[in-house]
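These protein sequences, in sequence, are chains B and A.
Per our numbering, the very first residue in the first sequence carries number 80; after that it's consecutive.
Per our numbering, the very first residue in the second sequence carries number 1288; after that it's consecutive.
Keep in mind that the hints are not guaranteed to be accurate.
Here's a subset of chain B near chain A, in silico, CB distances under 7 Å, partners left out [unchecked claim]:
#, residue
1, SER156
2, GLY159
3, GLY277
4, LEU278
5, SER284
6, SER313
7, ASP317
8, ASN400
9, LYS405
10, TYR409
11, MET419
12, MET443
13, ASN446
Here are the simulated lysine-lysine pairs, DSBU-like style, with alpha carbons at most 35 Å apart [stated by the list, open to error]:
#, chain 1, residue 1, chain 2, residue 2
14, A, LYS1619, B, LYS432
15, B, LYS493, A, LYS1416
16, B, LYS318, A, LYS1566
Because the hints were derived from the structure by calculation, they are not lab data.
The beta-carbon is built from N, C-alpha and C at its ideal position, and this holds for glycine as well.
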Amino acid sequence: MNYLDQPLKEIHEALVAKKVTPLELTEEALKRAKENKDNAFELIDEEGAKAFAKTLTEPEKDNPLWGIPYFAKDNFSTKGLETTASSNILVGYVPVYDATVIAKLKEKKAIMLGKTTLDELAMGGTGTTGHKGKTFNPYDPKHEHMIGGSSCGSAAAVASSIVPFALGSDTGDSVRKPASYAGLVGMKPTWGRISRYGLFPFAPSLDHVGYFTRDVYAASVVLDALAGRDPHDSTSSDKPVEKYEEDLAKPIKGMKIAVLKEIVDSITDKELRAHFDKSVEALRKEGAVVDFVSFDRQLLESCYATYIVISCAEATSNDANLDGIKFGPYRGGKTYQEVMYNARTAGFSELIKRRFVIGSYCLMRENQEELFLRAQRNRAKIVEKVNEILKDYDFIYVPAAPGPAPLFTKASDKLSDEYLIADNHLCLGNFAGLPSITLPLCYENGLPIGINFMGRAFEEKKLFQVASAYERLSGLAEASVLDPKEALL
Amino acid sequence: MNFEAVIGLEIHVEQKTKSKMFSAAPDGFSHEPNTEIAPLDMGYPGTMPVVNKQAVINAIRVANALHMTIDHTLYFDRKNYFYSDLPKGYQITQQNRPIGKNGYVDIEVDGKIKRIRIERIHMEEDTCKQLHFMDYTLLDYNRAGVPLVEIVSLPDIRSGTEAMKYAEAIRNIVVYSGTSDGKMEEGSLRCDTNVSIRPIGQEAFGTKVEIKNINSFKNIEAAIDYEVRRQSELLLSGEPVRQETRRFDEASGRTVLMRVKSDAVDYKYFCEPNITPIKLSDGFVDEAIKTCPELFDAKKERYLKAGLSSTDAEIILAEPKMAAYFEEGAAKVVAAKDFANFLIVEINGYLNKKNETIADLQLKPETLAEIVLLQEKGGLSHKQCADILNKVLEDPSLTPTAAKESLHIVAQVSDSGAIMGFINQALEANPQSIVDFKAGKDRALGFLVGQVMKLSHGKVNPAEASRLLKEELDKR
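Can you build the whole structure from these sequences, using the hints too?
Okay, here's the thing in structure tokens:
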């Protein structure tokens, strides 16, 4: 047992009591990171982390992140530290500025140990497409099951108790799905609650900064540190930042929860279904009103296509600066067109190129109405439906995934209900920009499965309140590969 | 066959805001390449655009001056294309919802007012400046992200002269609203011209040719006149006009083929996701309009009322700093016209000789006003005052009074009563000269004027003395 295996709150207390120093914590975390076999890291900044840790000598009692080590997904701009977004086209790219979240955590004296792997440019949900290859799920020592993506490395780092929290990004479900597969708390707040300045864009209208922790308290204090208006991000909200941990202990009696019927019904995993039903009963016992509510089957089925069209369209444009002239290795060429062609051909994987082709196709003048604009309108319809339900209910509650982490070899049937509905509904939170949190529910053959709560815009505090109540019921707070716990539900 | 030209102008105006359209980098204070840049201007991954408020205020003012309908919600779009001068790989512009629509500007051609309708005005950002060499190209990012307004006219223009007048009218608005320097020579006002011709009476448009790289207002006229002639000759010799982009070659006075246009490029526009729609309150828009500096036309009207000729007013207004100088000085003299004369003749002459502009002039407008007042109230002639002015310009440490003394300039007596006193004295002392004058000896008049000058110690105006003397002699 080491302090790193304990809840964030206890690490903080130990730091304040000077039972452990930030440097000792950092050294242990670096050791664990280097020993880790899950291919979770793009870069470990041993020197920088230790140097910063050494400067932290006076504990800050009221700052729960003081001296806490963390990792950031490698799509956050870090000044002076190579940032590749796990893509060959960005190999050697050293940013000149810190992302706002990186700067804020530095200000809070949290210690960044380095950068984690992701699906190339955060496009993907398997954790297999980064330029360093597959990232593995620490719950599966045989390395047969994926951890999910795109924030695969950050999920692995927190699940392995290397750090108490790690930054990720979430465009469709890139934090909340891997959180489900890695038995973690995965949080993304309201669009605009955390500045995206310095997050490499995938699809800005859907992109969120998110993060992994092992308990709800940690998730709430990390949001304390990250939330707020940023003059560099004009989409960031100037709504006052709250003390998100304030209501964690409050009862949830009378809160109204909607379970989306179509999503639960499309799940074929009986064990998962049984655990989920038990959790509903448990929530009811706490005094919450839980109703099974119908969404709209067709709308749910259209989520995936809508997501693909909008995200790919925005992505083609966001990555147009990676052309071998402005960014990306120069690979020769006689004309500027040739230089760009050569750089982009060599720099992006086939999967990325496919997304660019799809995006470009959807934006073409002759297709825009039928594809891009139609997807935009459909997104508006979906959002309307979500908000309609949230008029009557405080939260939407569903299983985060149709089952535990799939095998690498398993190809999903992309037209099945299970895939279209149960595996892709978390993007509802991205379409609507609503706060959404995944928490562990149970294990199947040692592999975790999570559930997800989604709340109203800027009601993060209430979301943490229900999450905290749920966490007490599940008994899975602080579970990790190094310190597994038994699910009570 | 007689042809009619159909011309439309797309004018890009560089705004002279303190910072760029979407970043906090300074705008246009340095000529050292790549010194005015923020990470956003270089397209660094993860950077985000933040709309420049002053650029919006400027666009509102220009839109209002052009009688446009102003959109009270701001929307921005991405224009996507691959090019070496485009840092982000797309340009942020306003494709679908321009800030201003459906306006017009009136121009005067051959004494007649003609209304040119304007389709739209929108905001966007500039690209990098490219410097091409034999086997490499350098990029200057200082220009990347500089705020632009683009003003697109409808094809209401029918001649090179009209096009030039239209562009000048736009220049006057952007300059006096404080939006831009509006200098075509320096590229802060750029004009792309679409020219086609059609037989008079025909409704359908001919094939459109775009002319780029026009670097002065005069050359707008020259380029269009040439292009209209070229297209007419083609059609008359039975050849079609091709859809192409040409540039104006100043040396030869011709337009030269740049590229043949195939199908128009698909820019795959879509809404900029990093700028959510911005609601402009009525108060904000009204305030922007209300606080707009006085525009060219209003100033000109005021100058005419103050007694300036239309030509003089336009000379002064051609350079906003000259206008500011004029207004400051003219307020301190009796007649604005007197101040304008010194400004247009003496000061401009001096600046031309020294190859300087009004911005370089050390002489304060109140000092020039003091000199003008010496003419208006101090009894000195224009010539004498000009001498004083030159002396002060030569030696700025001198006050006008000190210069006057060092030049031994004394006030002329131009009061006819006083002059008559000297005349009567001279006539009484020289009765023979009266007789001589009556006998037709013109020399006598000259002698008498000399006597008057002598008696007055040179203080009377000799021309005035001669005139009054003649009148007096005629009476006797």
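Hint-by-hint comparison with the structure:
1. The criterion of a C-beta within 7 Å of any C-beta in chain A is met by SER156 (chain B), whose closest approach is roughly 4 Å, and the hint holds.
2. Taking 7 Å as the C-beta contact cut-off toward chain A, the hint placing GLY159 (chain B) at the interface is violated, the least distance being around 13 Å.
3. Interface restraint check for GLY277 (chain B): the shortest CB-CB distance to chain A comes to about 4 Å, inside 7 Å, so the restraint holds.
4. A distance limit of 7 Å between C-beta atoms decides the matter here; for LEU278 (chain B) the minimum to chain A is near 6 Å, and the interface restraint holds.
5. Taken as an interface hint, SER284 (chain B) checks out: its beta carbon lies about 4 Å from the nearest beta carbon of chain A, inside 7 Å.
6. This hint holds: SER313 (chain B) has a C-beta 5 Å from the nearest C-beta of chain A, less than the 7 Å allowed.
7. This hint is violated: ASP317 (chain B) has a C-beta 13 Å from the nearest C-beta of chain A, more than the 7 Å allowed.
8. Interface hint status for ASN400 (chain B): upheld, as the beta-carbon distance to the closest one in chain A is roughly 4 Å, under 7 Å.
9. The closest approach between the C-beta of LYS405 (chain B) and any C-beta of chain A is roughly 5 Å, which is under the 7 Å cut-off, so the hint is satisfied.
10. Nearest Cβ of chain A to the Cβ of TYR409 (chain B): about 12 Å, over the 7 Å cut. The hint is violated.
11. Satisfaction of the interface hint for MET419 (chain B) is found here, the shortest Cβ-Cβ separation to chain A being roughly 6 Å, below the 7 Å cut-off.
12. Against a cut-off of 7 Å between C-beta atoms, the interface hint on MET443 (chain B) holds, since the closest Cβ of chain A lies about 6 Å away.
13. This hint is violated: ASN446 (chain B) has a C-beta 10 Å from the nearest C-beta of chain A, more than the 7 Å allowed.
14. Restraint check for LYS1619 (chain A) and LYS432 (chain B): not satisfied, since their Cα atoms lie roughly 71 Å apart, outside the 35 Å limit.
15. Proposed proximity of LYS493 (chain B) and LYS1416 (chain A) is contradicted: the alpha carbons are some 47 Å apart, above 35 Å.
16. Between LYS318 (chain B) and LYS1566 (chain A) the alpha-carbon distance is near 17 Å, which keeps this suggested pair within the 35 Å criterion.
Checked against the numbered hints listed earlier, the structure breaks hints 2, 7, 10, 13, 14 and 15; every other hint is satisfied.
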